[in-house]
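Enquirer: Okay, here's what each chain looks like letter by letter:
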Amino acid sequence: MRAALATARVEWIRFFRDRVALFSTIALPIVLVLLIGLTFGRGGAQLGLGVLAEDPGPLGTSLIAELEDSPALGVTVYSDRGDLYRDIRMGLLGGGVEVPADGQPVQIFVQQASSAAGVVMSTVNAAAAQVGTRATAVAVLSREVPARKAAAAVDQALGDVPPLGVTTTTVGAVSETDRNSFALAVPSQLMLFTFLNGLLGAATLVQARQLGVFRRMLATPHGLGVYLSGLGLSRFLIALLQAAILLGIGVLAFRVHFGNPVAVLVLVFVYSVIASAAGMLLGAVVRTPGQAAAIAVPTGILFGMLGGCMWPLSVVGPVMRAVGHITPQAWANDAWNLVINEGAGVAGIGRQLLVLIAFAAGLAVLAVWALGRQARAGR
Amino acid sequence: MWRDVKLIAANGLRRSLRDRSILIQALLAPVLIALVVGAAFSSGFRLDVTIGIADADRSAISQRVAEGLTGAGGNGIAFSTLSDPADADQVVDSGTYDAVIILPSGLGEAVISGGQAQLEVVGRATSELAQSVAQSVATGVAADLQTARVTAVAAGAVGATDPGALIQRAVSSPPPITIEQGEVQGTFSVMAYFAPGVAMLFLFFIIGNGARSIIVERDEGTLARILAAPVRPESVLLGKTVEVIVVGVLAMTAVWLITWLGFRAFWGDPLGVFLVIVAAVVAIAGISLLITGLARTAAQADALTTIVALLFAVAGGTFFYGATGLLADLRQFTPNGQALAAFVDLSAARADVAAVLPRVLLLLGIGVGTAAIGLLALRKRVLA
Amino acid sequence: MLRVSDLVRRFGDQVAVDGVSFEIAQGETYGLLGPNGAGKTTSISMIAGLLTPDAGEVELFGQPVTSARKSLIGLVPQDIALYPDLSAVENLQFFGRLQKLGGTELRARIDEVLEVVGLAERAKDRIETYSGGMKRRANIAVGLLHEPKLLILDEPTVGVDPQSRNSILESVAALGGSGMAVLYTTHYMEEAERLCDRVGIIDQGHLIAEGTRDQLVEQLGEKTTVTFRVNGARDQIDAWRADLGRLPEVSGVKDAQGAVAVVARQGPALIAPAVQAAQARHLDVIGVDVAEPDLEAVFLHLTGKALRD
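Protein chains in written order, with the numbering used here: chain A, 216 to 594; chain B, 3 to 386; chain C, 810 to 1118.
Next up, chain A with everything else stripped away, as it sits in the complex (with noise of 0.2 Å):
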C-alpha cells in the first residue's frame, strides 16, 4: 500500500511539472465552459430568421420591426443574399424573408423539407397582418366614402379603439440547465475532458514500459501490480482534482445548481474511475507514447460526441441516442440531466450507476488483464 502512494506521489509530482498536462486538463476545459457558457446563453429557444432588405418602404420597414419584436423569431439583417442562403443551408437560420419595395410581394424561404416553414410562415403572417391593420381599414373604408375621409376616420378609430393584446402564462418550472447555461457547460465539458486526459494517461503508461519499468517493478517485492495501483490512483485523483475545479467555478462563479451532493460526488468518482481505467487499457495496446497521443485524442471527441458532451442527446434521432450510449458518456449524462434537472439523489440514479460501475469493472478487469499479458511476454 506504501509502495502504491509512492508512486501514485511521484506520478502526482510529474504532472503538476508538465506544463501542456495542466493545459490540457484544468486551462483549456475551464476556457471552454466559459465560452461555451456565454456562447450559448440566451436565445436558445429562438429559431433564426434572415431578413433581406435592401430598400424597403413604410410597409416593409414596419413589418421588420414587428418581426424583430415576435418571440419565436431571432432576427439577424443580411445584406448579401450569398451569406443568407449559407446560413439557411446550414441550418443556422430557420428560414429567410426578403422585404422589397413596398407592393411586391414579400419573399420567405426556407430549406427544402425544413419544418421551420410552419414557424417563419405563421410568424411573418402575423407581423404582416398587424402592419396591415391601418392600411386594409382605409381601403375597405375608400369604398364608401372619400379616401381622405376614410383615412381620416380610420387614424381618429386607432387612436379610440384599445389594442387587441395577448397575455402569456406559463405553466412548470424551467430546468436548472434552460435556466442556466452552465448547468449544462460544466458537467459536459467536464466528462469530455476527464475522460480525454484518462486516455493520455496511456502515454505515461507506455513511456514506463518502453523504460523497462515493468520488468524492473516485477523484480522488486511489490510486484507490478503495485506499481499500476498505484499510477491508476494517480490518474484517478487528477480526474477527482479536475473535477472539484470545474464544479467549483460552476459554483461559485456560475452560480449552478448541481442538486443532490452525494450523488454528484458518486457520479463523479465512478466516472473518474472509468476514465483512469480506459486510460490503462489504452496504455497496455499502443507500441508507443505517441500512439497513445495520437488515439487518445479522437477516441476521446468521438465517446464525447456519441456520448452527449458535445451536444446533448434530446437533440438527435432515436436511433443516435441508441447507439450513443454504447459509451459511458450517455449514461452519466443521463444521471447528471436527472440530478440537476430532476432533484434526483443516488437512488435515483440507480440504473445509470450501475451500468457506469460496470463500465468501470470491465474497463479494469480488461486493463489489468492485458497489462498483465504484456508484463508477463517482458514488455
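Quick caveat, the hints were computed from the structure, so don't treat them as lab data. Hints are supplied without guarantee of correctness; some may be wrong.
[Said to hold, decoys possible] Straight-line C-alpha distance at most 30 Å; calculated DSSO-like pairs for lysine-lysine:
(1) C:Lys-958 <-> C:Lys-909
(2) B:Lys-382 <-> B:Lys-8
(3) C:Lys-909 <-> C:Lys-933
(4) B:Lys-8 <-> C:Lys-933
(5) C:Lys-958 <-> C:Lys-933
(6) B:Lys-8 <-> C:Lys-958
(7) C:Lys-909 <-> B:Lys-382
(8) C:Lys-909 <-> B:Lys-8
[Stated by the list, open to error] Label pairs and their computed distance ranges (CB to CB):
(9) A:Asp-233 <-> B:Val-218: 52 to 58 Å
(10) A:Trp-584 <-> C:Arg-1038: 53 to 59 Å
(11) A:Gly-587 <-> B:Arg-22: 23 to 29 Å
(12) A:Glu-557 <-> B:Asp-89: 23 to 29 Å
(13) A:Leu-237 <-> B:Leu-30: 27 to 33 Å
(14) A:Ile-228 <-> B:Val-218: 23 to 29 Å
On a predicted model such as this, the values are computed, not experimentally measured, just so you know. Quick reminder that beta carbons are idealized off the backbone N, C-alpha and C, glycines included.
Place chains B and C on chain A using the hints.
Expert: Showing chains B and C alone in chain A's frame:
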C-alpha cells in the same frame, strides 16, 4: 539543390506514410468524427408542436376564428380544439398540448364594440419554442380582429350604410403585404463543416511533428550526416517544408474525397476546395515552422504545438457549429477559422473560386510570413 | 591529403578546440586520442564541414572543403545516425542519393558495403530491430557508401559488446589497408595502438603530442608504469601516494581503479622502496604489476591524469 530538396522531402514522406499514428490522425479521426456528427444531425431541424384552441366565448366571431385556426395547421404545427378552457394549464403541463390559445369570453362583443379584450396563451417552461409559436399565432389573430374593430368604429364614424358588410370585407381581404413562399435550393451536410475542421486540428499535430523532426534529426545525428554530404542547409529546410506541405495536402484531400465521394458531403467547387486546402496547409505549416524555430528543444516544440493546436481549434470553431457572438468573432483571428469560413462559403453558400480568393491569399500570407521567420531561426541552428 | 591548421572553435565562453593542427597522408590511419570532452568531435565536425571554425583552415588535397568537395569525406558520426523506422537498404539509398549516387552504381555499392560490414542478410530489416553492434556496423556502412578518400570515424566502438567491437576494428584495419585515409577518434588507448599509423593526443582542446606509437612512447624515455594494489586506511593510502611522488625519478602518480599507478624510469627498481614505504604506513601490498610503456602512460605523463576519468 532541387534534387536534394526532393530527396529529403520524399524520404520524410516515405517515413510518414509508414507511421500508423499519422494515418489515424490524418484520415481515420476526421472521417469518423465527421460521420458521427453527420449521423447525429442528418435529419435537420424538426418541429412537432401541438397547439390547443380553447373557445371560451362561443360567439359567432370566436367560432369562426377557432375554425380558421384548426384548419390552418401543417409544417410541424398542429392545431386542435380543446373543449374546456379551464383545462388549459393542466393539459399543457401534462404535455398533451405544447401550448393553448384561449379565446376569452366576451371576445366577440369586444370586437363589435371596440372594448377591451386579451387573447390568452398558455405555454410550458420546458417548451419555449412552442409557446413562442402560439404567441405568434395569437398575435396574428389579434391583428386580424383589430382590423375588423378599427373598421367597425371608423365605419360608424363616417356613417356607412352597411357596417357589417364592411367588417366582413375587412376580415376577408388579403393584407396589403403579400407573402410568397420559396425554397433555398441545394442541401448542406454538417460533415462538410466538421470534416475539414477536425482535419485541420489534427494537421496541426501531424505537421507540427514533421517540422519538429528538424530538431529531432539534429539531436539524433541524422541531420549531421545529411549535411556531411554535399547538401546545402537550405535544401534540408526546404525539403522539410515541402514534405510537411505535401503530407498535409495529401491528408486533407483524402478526407475531402472520402467524405464527398463516399458519404456525399458536398464541399463545393472542387478547384476552390483544393485552393483552400493548399492555403490552409501552408498556413498551418508556417505556424508549425515558427513554433519549431522559437522552441529551444523538441519537447518544448511538442508542448507548444499541442497548446496552439487546441487553442486554435477552440477559437476557430472546430467544435462549435454556427455559434454567434464572441465565438464567431474569435474565429476571424485563427487560420483554421478563416479556412473553415472559406470552406463553408464554398459548400453552403455555393461560392465560386473568386469569392474565397481573399481568404486563400490571407492564409497563404500567414503561412509564408510565419514560415520565413521560423526558417530563418532554424537556419541558424541547422548549421551552427 | 588532409591538412588541418590552427583550428579554433568556441561555444560561448568555452574554447572547445584551441589551435589544433595535423596532417594525414593518403592511405594513413590517424588516431585522435583523448578523453571525453577533449574536443575530438568538435574538430571532426569542422573537418567534415558541419561546423564553421572560428579560426584556422581545413584543406583537402590542398583546397578548402566546399560543399561539393564534401563527397571526398565519409563521416561516421558517434551517434547511430540512421532512421530507425527504415531498413538498412533504405537508409543507404537515401544517403547514397544525397551523395549523388544512383541507379545500378548505387545498387552495386549498397550490396558491397553491406557485405563489408556483414549485414547483407538483414539488409531489408528495419534498423530498430537491430542489436547495438549491428546498428554500429550499419552506421559505418553509410560512411563508406560513396567511396570517400577520407573516412572519419567518431568513437565507433562506444557501447558495443566485445565481439562486435572486434569485428568493427578488423573492418577499420582492412579499410586502412585498402589505401583509404582514416581519421579515427577514440578514448580507448588499445584501439589507437592497434589501428593507427600515427596518433595525436588531444586534451582540453589542445593537441599535446603527435607521432607514431613508438615516437610517443619514446617521449617517456625508459619509463615504465608500475601499478600497486594495497589494502589499508584511506588516509594512509593518500599519504603513501605522496611518499611515492617524492621517490627519485618518478614522473607521475595516479589512482587507477582502486590501485595506484606510478610512472617512473627504472620501474622495477621502484618496487622495493615503495613496498617499504607502504609497510611503514601499515598498508598491505597485495599486488604489483609492471607494464611496458604505452599510450596510456604517455597520456598520464603528459597530463597527470588517466584517459578514462
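Enquirer: Decide, hint by hint, whether the structure agrees.
Expert: Hint check:
1. C:Lys-958 <-> C:Lys-909: The given pair, whose Cα atoms are some 16 Å apart, holds under the 30 Å limit.
2. B:Lys-382 <-> B:Lys-8: Answer holds: Lys-382 of chain B to Lys-8 of chain B is near 22 Å, not above 30 Å.
3. C:Lys-909 <-> C:Lys-933: 22 Å, holds
4. B:Lys-8 <-> C:Lys-933: 23 Å, holds
5. C:Lys-958 <-> C:Lys-933: Measuring from Cα to Cα gives roughly 28 Å; hence the hint holds.
6. B:Lys-8 <-> C:Lys-958: Satisfied, since the Cα-Cα distance of roughly 27 Å is no more than 30 Å.
7. C:Lys-909 <-> B:Lys-382: Measuring from Cα to Cα gives roughly 26 Å; hence the hint holds.
8. C:Lys-909 <-> B:Lys-8: 13 Å, holds
9. A:Asp-233 <-> B:Val-218: 52 to 58 Å: This hint is violated: roughly 19 Å between Cβ atoms.
10. A:Trp-584 <-> C:Arg-1038: 53 to 59 Å: With a Cβ separation near 55 Å, Trp-584 of chain A and Arg-1038 of chain C satisfy 53 to 59 Å, so the hint holds.
11. A:Gly-587 <-> B:Arg-22: 23 to 29 Å: 25 Å, holds
12. A:Glu-557 <-> B:Asp-89: 23 to 29 Å: 25 Å, holds
13. A:Leu-237 <-> B:Leu-30: 27 to 33 Å: 28 Å Cβ-Cβ, so the 27 to 33 Å window holds.
14. A:Ile-228 <-> B:Val-218: 23 to 29 Å: 27 Å, holds
When held up to the earlier numbered hints, the structure conflicts with hint 9 and nothing else.
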